[in-house]
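**Student:** Okay, here's what each chain looks like letter by letter:
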Amino acid sequence: MASDATGIMEGFLCPVCLKDFGTVSQLQDHFEDVHSSEDKAVLQSLKGFFDKAKRRILGNKEFGFRESNTQNNENPSTTCFSGYDPTWWEYQELGVTQYHTDAFRAVRDARIDHFVVETNKLLIRLDKLLDPDAPREASKRKGIVTMFSDYLGFEKSIVPWVPDGAVPACLSCEESFSILRRKHHCRLCGGIMCNKCSEFLGLTYAQKLVNPAVSFEGESGFLKRSDSSTSLNSLMGLEAEGHMRICKGCRMLLERRDQMTEQRNIKPTLVLLYEKMRGCMRDANELIPEYLPMVDSLSIGEATYSWREAQALRNKLVRLYDAVDQLSKRILCLEIKPESPSALKQQQLQKAIRVSASYFMQENLIGLQALPSEDQYEELKTARRVEVQRKIAAERQAEMEAQQRERQSQDDTERSRPNGDKKLGHTRNDSHDSVGKGWKPVEEGSRVSKVADPMLQQMEIIRGYIKQAKEAQRWDEVEMLEHNLKDLKDEYYRQQTINFKS
Amino acid sequence: MNVILAVKQYVSKMIEESGPGMKVLLMDADTTVFVSMVYAKSEILQKEVYLFEKIDSGASRESMKHLKCITFLRPTKENVALLANELKAPKYGLYYIYFSNVISKQDVKILAEADDQEVVREVQEFYGDYIAVNPHLFSLNISNCCQSLRWAQPMLSRTAQGLTALLLSVKKCPMIRYQNSSEMARELADNVKRIITNNAALFEFRRTDVAPVLLILDRRDDAVTPLLNQWTYEAMVHEVLGIENSKINLSKVPGISKDLKEVLLSAETDEFYSENMYQSFGEIGTNIKNLMDEFQKQSKNHTKVESIQDMKNFIENYPQFRKMSGTVSKHVTVVSELSRLVGLYNLLNVSETEQEIACQSDHSNQLQQIKVLMENDKVRPMDLLRLVMLYALRYEAHTNNDMVGLIDLLKRKGISEDKRAMVHAVLEYGGRKARGSDLFRSGDPVNITRRILQNLKGVENVYTQHQPLLASTLDQLIKGKLKEASYPYMGANQLKDRPQDVIVFIIGGCTYAESKLVHTLNRTTHGVKIILGGTTIHNFESFLSELSTAVKGQATKYPARTGRH
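These protein sequence lines map, in sequence, to chains F and U. 425 is the number that the UniProt record's numbering gives to position 425 of the first sequence; each next residue is one higher, with no gaps. 330 is the number that the UniProt record's numbering gives to position 330 of the second sequence; each next residue is one higher, with no gaps.
Hints are not guaranteed to be accurate.
[Claimed, not checked] Here are the simulated DMTMM-like pairs of lysine to aspartate or glutamate, each with C-alpha atoms no more than 25 Å apart in a straight line: (1) LYS267/F <-> ASP325/F; (2) LYS248/F <-> GLU113/U; (3) LYS258/U <-> GLU43/U; (4) LYS289/U <-> GLU491/F; (5) LYS345/F <-> GLU48/U; (6) LYS345/F <-> GLU17/U; (7) LYS47/U <-> GLU16/U; (8) LYS156/F <-> GLU118/F; (9) LYS109/U <-> GLU78/U; (10) LYS248/F <-> ASP131/F; (11) LYS65/U <-> ASP109/F; (12) LYS41/U <-> GLU90/F; (13) LYS267/F <-> ASP116/U; (14) LYS470/F <-> GLU460/F; (15) LYS88/U <-> ASP258/F; (16) LYS41/U <-> GLU275/F; (17) LYS121/F <-> GLU118/U.
[Claimed, not checked] Selected chain U positions facing chain F (Cβ under 10 Å, derived; list incomplete): (18) PRO20; (19) MET22; (20) GLU62; (21) LEU67; (22) ILE103; (23) GLN117; (24) GLU118; (25) GLU122; (26) GLN124; (27) GLY128; (28) ALA165; (29) SER274; (30) HIS519.
For the record, the hints were derived by calculation from the structure and aren't laboratory data. Please read all numbers here as calculations on a predicted model, not as lab measurements. Where is the CB? At the ideal position from N, CA and C, for every residue including glycine.
Isolated chain F, as found in the complex (with noise of 0.2 Å):
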């Protein structure tokens, strides 16, 4: 047998790698970390026999606790338990969801392929149609079609027109064509349909369409058509005047192109004013975690930060709530175009917002702890030195009741090692810690060298740590820096007490 090999091993074994662990939580930890990503089955089969053993081990405690907890509970009836029931607040995993949106999108993309193609290709002959060089007379753009000559036009050298014996009815309408209902032809896809049937595109649009840039202004791009379906004349008027023949469906696919990009590009001003206010929100939330940590040192009166900082930090965060509130105000009072479609639900919405953002005023503003003004942050600064010093002094005396104490049976050897020092290393070990974590000291040459106390020289290079991790934004490092600070700063005037004392 392989253990006969090895030897038996005891304890709280990792089945995999043999590691010894103290304890069933620490070995169940230890193999969902390492071993997780091994074979889920094994981890499923181990897992299970952990927790039967794990029931065994710690079974008898447990079920200790339940019988006391039944016979508490003799008569459930009569015990009323609150509504609130911690246990089922615990982490929940999120119910199951089935996603459908892959299939959706084959089906839909099937189909917009189709658009998508057939409006490019669209596009590359509108453009081609509206090349400055082009011919301008209707003649050349035509072709002119006489008995002797068949010179292809502009317009069918870039677009293959469907002959016109090929078609005996309107493609859209169905209505056989006559002299009286003559044949026309698209001059984006070639197809032929009857006048009824034409839409006219205008150039100016025509322009936005294939080149974003170009702007237009108008209610649509199209131009109703005339009503006198057979003036020809009127027709060859549109012609000159910028518009160009072409059908419904070429209709249809340019203006859902056009109003994708539109919808893309373009923010009303709602947009506009929305997006600012949650940036400021985000900004503010950003800077609370900062703030908050500032005030309640700050205002016990201790020195780790700086009261000007902590004053800017809170003159921006009252800056950016301001923001807030004013443009949430702006956006209730926007101009709502009484005559629009969505006038109410428009309405609606800046309501909505206006009130989520004084949710968030209460939540936040109201609730922003105010600083101590910087006197009273003086005072508050002095009381608790005074207070620091009267502990020391109680400490020192009670120290020094000790040892008289102790003198009386020990020899006097023993007091003279210095406390301070003992101290001191302790905080050096709190600084090599933070080393170790990745923060170099900053040699400010100058204002190291002056100050010669290895304390506030330590000082200083935790400053500097904490302005180096502030820079890098790693917040959490921050807080335990400043931690060490305050700590070295206790331990500082300690020792001022002491050495004044002495």
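Following the hints, position chain U against chain F.
**Tutor:** For chain U alone, coordinates are given in the frame of chain F:
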């Protein structure tokens, strides 16, 4: 297995997936209730959801392309058609579509073909297809599911859908047990099983040591519980005032202020309510006084505001203060209205008699008590009816049964014929023939000894003697002693161990009394989690309506023997 959390996480996920930007939530009538039960409006506003629209209001809605639209719908044919129309002429910029249950491939295709403008970003199923009332309680808001003592077909499929959605949302693939005496329970169990088998891929979960259990019961086995007046806060409010989707209507309260005409009772947002919803009426009185005192302490601070500093301090506490003041006035109003009605209708006397009938067996004495109450003009006719119905159930087979006499008395009190017919209806619905278990536990030796002991000790609280039948059913289930003959398994598998996760569903509706019971069980039974659900949540009034549909068209075995003047 927290159902509120399950639905809430679904909604949060939807909102999250649509990313930043202004949003509108497009729902149908059902999903609106699902969402409103788990999300407070202020909370959802903070997530950038600013508008709430109904899918069937298409014509009146207006185009707002700068909004993202989160669509949460039940996958009905009508909804799919409405949504397809919406997509053909989209009013919003982008659509994130979520269905609350399984949707067919065909429907996905219909929608995809309508999306010419490529506005749809997501199509998914999120199984929040039920009303989460409390962490352990859900309802489907289906009233009158039982018609002529059989399932109405659309309601059967809705119930099966709701139950399977619940299972998916808490990721449980259970063994199914059902009450053998009920054909409806068997049919539902069968339907649920079939859905699970047909969607086996969805129900692939990590196996737990002990499989969860879904226990399907029928209201007909315990028609007593919904007949009783209740004395714990939540149950009492529902019995006396009526809770509808966490809201109670106080507009009939004399001298009510405008903003209290409809109040929200939600354990999610209201700490006082969550602490007291299962407390008895008497205890709430004390607790409310404490709350008042605390509030008055704060109010005193309020009156003492003199300096600007005071004001500032006050304003700094403002949100809590306002929240607290809202809670106080709300609960004071509700509780004082409850106690006014209790006095006005003599509910204490009525309830005492009710409890005696349900729990003791002293026929002649109880008959006498009912007759005394009949003479009392303060007692509501509705409560008299309640008593006679209880009496009818309790002494159905008693030799000296005087049901006919009592119905006669009801008639003299001016109770209408169709109301009087309810006495027979309740026998038809939940009488001895319909029951599968020993509702009044006359034959249970444990119960007899308990009753004797109780008589020796004296009953602690006469108004809360009655325990719903569910208590003993669950007790047996948890101990692994529930008889297989009465509660067989659907399918071959059987549970060997004691169950840990239990989902109980009552066809024909559960009650808040049972919800309280389940809550207490969850708190006291180590390692067991129980979720309770029902087609609806009953009080006496809604139960009457359930009854009248249930027995409609039944050739009654109890001919209305009126006459005898």
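**Student:** Each hint should be assessed against the structure and marked as holding or not.
**Tutor:** These are the hints, each one checked on the structure:
1. LYS267/F <-> ASP325/F: Roughly 21 Å between the alpha carbons, so the hint for LYS267/F and ASP325/F holds.
2. LYS248/F <-> GLU113/U: Holds - the C-alpha atoms of GLU113/U and LYS248/F are around 21 Å apart, at most 25 Å.
3. LYS258/U <-> GLU43/U: Satisfied, since the Cα-Cα distance of roughly 24 Å is no more than 25 Å.
4. LYS289/U <-> GLU491/F: Not satisfied, since the Cα-Cα distance of roughly 50 Å exceeds 25 Å.
5. LYS345/F <-> GLU48/U: Since the Cα atoms of LYS345/F and GLU48/U sit roughly 16 Å apart, the hinted pair holds (cutoff 25 Å).
6. LYS345/F <-> GLU17/U: 24 Å, holds
7. LYS47/U <-> GLU16/U: Holds: LYS47/U and GLU16/U sit about 9 Å apart, inside 25 Å.
8. LYS156/F <-> GLU118/F: Satisfied, since the Cα-Cα distance of roughly 18 Å is no more than 25 Å.
9. LYS109/U <-> GLU78/U: 15 Å, holds
10. LYS248/F <-> ASP131/F: The hint holds at about 23 Å.
11. LYS65/U <-> ASP109/F: 22 Å, holds
12. LYS41/U <-> GLU90/F: Holds - the C-alpha atoms of GLU90/F and LYS41/U are around 24 Å apart, at most 25 Å.
13. LYS267/F <-> ASP116/U: 22 Å, holds
14. LYS470/F <-> GLU460/F: 15 Å, holds
15. LYS88/U <-> ASP258/F: 17 Å, holds
16. LYS41/U <-> GLU275/F: 22 Å, holds
17. LYS121/F <-> GLU118/U: Judged against 25 Å, a Cα distance of about 19 Å means the pair holds.
18. PRO20: Hint on PRO20/U: holds, closest Cβ of chain F at ~7 Å, below 10 Å.
19. MET22: 6 Å, holds
20. GLU62: Nearest chain F Cβ about 4 Å off; hint holds.
21. LEU67: 7 Å, holds
22. ILE103: ILE103/U check passes; min Cβ-Cβ to chain F is 7 Å, inside 10 Å.
23. GLN117: Holds: closest Cβ of chain F sits about 7 Å from GLN117/U, inside 10 Å.
24. GLU118: 6 Å, holds
25. GLU122: Holds: closest Cβ of chain F sits about 5 Å from GLU122/U, inside 10 Å.
26. GLN124: Holds, about 5 Å.
27. GLY128: This interface hint holds because 8 Å falls under the 10 Å limit.
28. ALA165: 9 Å, holds
29. SER274: 4 Å, holds
30. HIS519: 7 Å, holds
Hint 4 from the earlier list is the only one contradicted by this structure; the remaining hints agree with it.
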